[in-house]
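Chain A is already provided as a structure; the job is to place chain B on it using the hints.
Now for the letters of each chain:
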Amino acid sequence: MLNFLIRRLFTAAASLLGISIVLFAVLALAPGDLFSELITNPAIPPDVIESLRKQFGLDEPIHIRYLRWLAAMLQGDWGYSYTSRIGVDQLILQRVPTTLFIVGLAQVLALAIALPVGVYAAMRPYSLFDRLASLLAFIGFSLPTFFTGLLFILLFSVYLDWLPFIYRTNITATGWQWAWEMFRQSVMPITVIGLALGASWTRYVRSAVLDVIRLDYVTTARSKGLREHVVIIKHVVRNALIPVVTMVALQIPAIFGGAIITEQMFRIPGIGSLLISSLLANDTPVIMAVTFVFAGLVILFNLIADLLYGWLDPRISYR
Amino acid sequence: MAGLTLVSPTADGGTLPKQISPARDAWRRFRKHRLAYLGLLVLVTMVAAIMLGPWLWRGPINGIDVGARMEGPSWAHPFGTDDLGQDMLSRMLYGGRISMAVGFAAMLVAVLVGTLVGALAGASRGLVDGLMMWLTDLFLSLPQLPMLLLVIYLFRDPLKGIVGVEIGVFLLVVSVIGGFNWMSVARLVRAQFLSLREKEFVEAARALGASRMRVVMRHILPNAVGPVIVAGTISVAHAIISESTLSFLGLGFPPDTPTWGRLLFDAKDYLDIAPHLVLFPGIAIFLVVLSINFIGDGLRDALDPRRVI
Numbered sequence: 087m088l089n090f091l092i093r094r095l096f097t098a099a100a101s102l103l104g105i106s107i108v109l110f111a112v113l114a115l116a117p118g119d120l121f122s123e124l125i126t127n128p129a130i131p132p133d134v135i136e137s138l139r140k141q142f143g144l145d146e147p148i149h150i151r152y153l154r155w156l157a158a159m160l161q162g163d164w165g166y167s168y169t170s171r172i173g174v175d176q177l178i179l180q181r182v183p184t185t186l187f188i189v190g191l192a193q194v195l196a197l198a199i200a201l202p203v204g205v206y207a208a209m210r211p212y213s214l215f216d217r218l219a220s221l222l223a224f225i226g227f228s229l230p231t232f233f234t235g236l237l238f239i240l241l242f243s244v245y246l247d248w249l250p251f252i253y254r255t256n257i258t259a260t261g262w263q264w265a266w267e268m269f270r271q272s273v274m275p276i277t278v279i280g281l282a283l284g285a286s287w288t289r290y291v292r293s294a295v296l297d298v299i300r301l302d303y304v305t306t307a308r309s310k311g312l313r314e315h316v317v318i319i320k321h322v323v324r325n326a327l328i329p330v331v332t333m334v335a336l337q338i339p340a341i342f343g344g345a346i347i348t349e350q351m352f353r354i355p356g357i358g359s360l361l362i363s364s365l366l367a368n369d370t371p372v373i374m375a376v377t378f379v380f381a382g383l384v385i386l387f388n389l390i391a392d393l394l395y396g397w398l399d400p401r402i403s404y405r
Numbered sequence: 011m012a013g014l015t016l017v018s019p020t021a022d023g024g025t026l027p028k029q030i031s032p033a034r035d036a037w038r039r040f041r042k043h044r045l046a047y048l049g050l051l052v053l054v055t056m057v058a059a060i061m062l063g064p065w066l067w068r069g070p071i072n073g074i075d076v077g078a079r080m081e082g083p084s085w086a087h088p089f090g091t092d093d094l095g096q097d098m099l100s101r102m103l104y105g106g107r108i109s110m111a112v113g114f115a116a117m118l119v120a121v122l123v124g125t126l127v128g129a130l131a132g133a134s135r136g137l138v139d140g141l142m143m144w145l146t147d148l149f150l151s152l153p154q155l156p157m158l159l160l161v162i163y164l165f166r167d168p169l170k171g172i173v174g175v176e177i178g179v180f181l182l183v184v185s186v187i188g189g190f191n192w193m194s195v196a197r198l199v200r201a202q203f204l205s206l207r208e209k210e211f212v213e214a215a216r217a218l219g220a221s222r223m224r225v226v227m228r229h230i231l232p233n234a235v236g237p238v239i240v241a242g243t244i245s246v247a248h249a250i251i252s253e254s255t256l257s258f259l260g261l262g263f264p265p266d267t268p269t270w271g272r273l274l275f276d277a278k279d280y281l282d283i284a285p286h287l288v289l290f291p292g293i294a295i296f297l298v299v300l301s302i303n304f305i306g307d308g309l310r311d312a313l314d315p316r317r318v319i
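Chains as they are written, first to last, in my numbering: chain A, 87 to 405; chain B, 11 to 319.
Keep in mind that the hints were calculated from the coordinates and are not lab data. You may find that some hints are simply not true.
Now the stretches of chain A that chain B is said to cover, found in silico as 3 or more residues with beta-carbon under 8 Å [unchecked claim]: (1) 97–107; (2) 224–232; (3) 235–244; (4) 275–281; (5) 361–367; (6) 378–390.
Backbone N, C-alpha and C fix where the C-beta goes; we use that ideal spot for every residue, glycine too.
Pulled out of the complex, with its shape left as it was, chain A reads as follows (with noise of 0.2 Å):
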């Protein structure tokens, strides 16, 4: 297990590494740097520029101002936000709680339904279940996540009136009531983005069951006189879910992509938002980190699917 464990580590820690190179090529690669927006200033003096750029180590070969920033972050520097004058690592640990609130619990909304949708579906193939829910899941993952926001938006917010399309962090309620407050402004995020992601998981969990089940061991646990269910659970879904897993864990970076619309429509604080409002406002080094912490995010996630993947299937793991 820790053996698994610390190499899985390791190929973690170089994905990340290969994604800081990219990162940082597109940085390096695109045209200007931070002080060329000074040359058109008429009252910098060039050879103030030149210096600047010196000092900073702008004139250093790639390779060199590439190992000095990859050991600036490591060391936990990530500079400074030039709008809201706060360190970036700050920024982005007040909002990374939010967003992995809002996107967990949307995963597990999603399984919610996957899972039994599927499953069903498949025991009953080509039923008339089975062609709704299959119909269902093709609609469900053609509806771009903006406009099923907006559609809920419309719905539950102008006409029906019945929760708030605002995301607010300072509510002063307590206990029962904040619980309550927190669950009428997540509810519309988090379904926005769990249906979105559980039509297309059922398609998974569904071709993934209908593999598995007609298997001879599947056979063999109902001629042992095992009841249904205990087919189902047992024996059927633990053995599906093995491809369902790296489905899933493929979808990761989609699932964090669909975050950032969401948050950004809903206006929820989390780095989605952050993401979107330094983009607007040329904020460089949040830009940056932010994309850096959506793949270190995206690389933790399939980290643990790949944990689950050893768990889910004991002929793989931990070699």
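Leaving out everything else, chain B in the frame of chain A:
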């Protein structure tokens, strides 16, 4: 003379079925997938509307009419008007051209890059293969939307200066969306290569003295076309959603270019007074994406000759 013995009593060998070409067979199979057929009809209708619409519906896309702000659908303006009194139908017809063009062009980029990487990895073994697959896995674990936003943020202004605003953004959006979307094609092509290069017909071609290039171009790639077409179809839908997302976040095409995502971005502030501004572009995106997804599903069934339908 064992070869002359019939394998089964019903196989009398005399009445061969009428020869039909693979394309015709695929079309026959495709039509059996009713939703895919319906999707194709919807998509063709929408593409025709976008291509011919500006000749049939001659409203200007930027004719400001402050007297008719945010009106609902009427005979004069079938899709209503926006906050400046501009006709939504003509704006949507124009924007649809851009959304579709981005979708198809980005698909071409994705298929081209994906086929190249996949073929390179599949045709060579060892180091090149490993390197290509490492690259593919790296791109798969990149957070796509943040990277998309980052690249557009960094390169938009310089490119604007070189080739003009609309073409610059178009080239950028297409290459970036395509450039983050080729991985599934690459994996499919490589998988096809790995299984096909061990088959007898490839071995026969090699034994006849065909060069590596000829084996790849004539014998392996044509056999990999089916899965690539399916993946390409799905990636059109993906690209259309990506472009709309960028525009919806206000970071895609410039404000005066009414792509469907941009129309949604502009409309979201008037959700309570003019919901039709949201519904029409949203439904257009949804219908196109849904049709393309169904077509992809139908093609998957139709292009696999082993599958019995």
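Consistency of the hints with the structure:
Only when three residues or more bring their CB closer than 8 Å to a CB of chain B does the claim for the segment 97–107 of chain A stand; here the count is 3, and the claim holds. With 7 residues bearing a CB less than 8 Å from a CB of chain B, the segment 224–232 of chain A meets the requirement of three and the coverage assertion stands. Counting residues of the segment 235–244 of chain A whose C-beta sits closer than 8 Å to any C-beta of chain B gives 5, which meets the bar of three, so the coverage hint holds. By the rule of at least three residues with a Cβ nearer than 8 Å to a Cβ of chain B, the coverage given for the segment 275–281 of chain A is violated, with 0 such residues.
Counting residues of the segment 361–367 of chain A whose beta carbon lies closer than 8 Å to any beta carbon of chain B gives 4, which meets the minimum of three for the stated coverage. Residues of the segment 378–390 of chain A lying with their CB closer than 8 Å to a CB of chain B number 6, which satisfies the three-residue condition for coverage.
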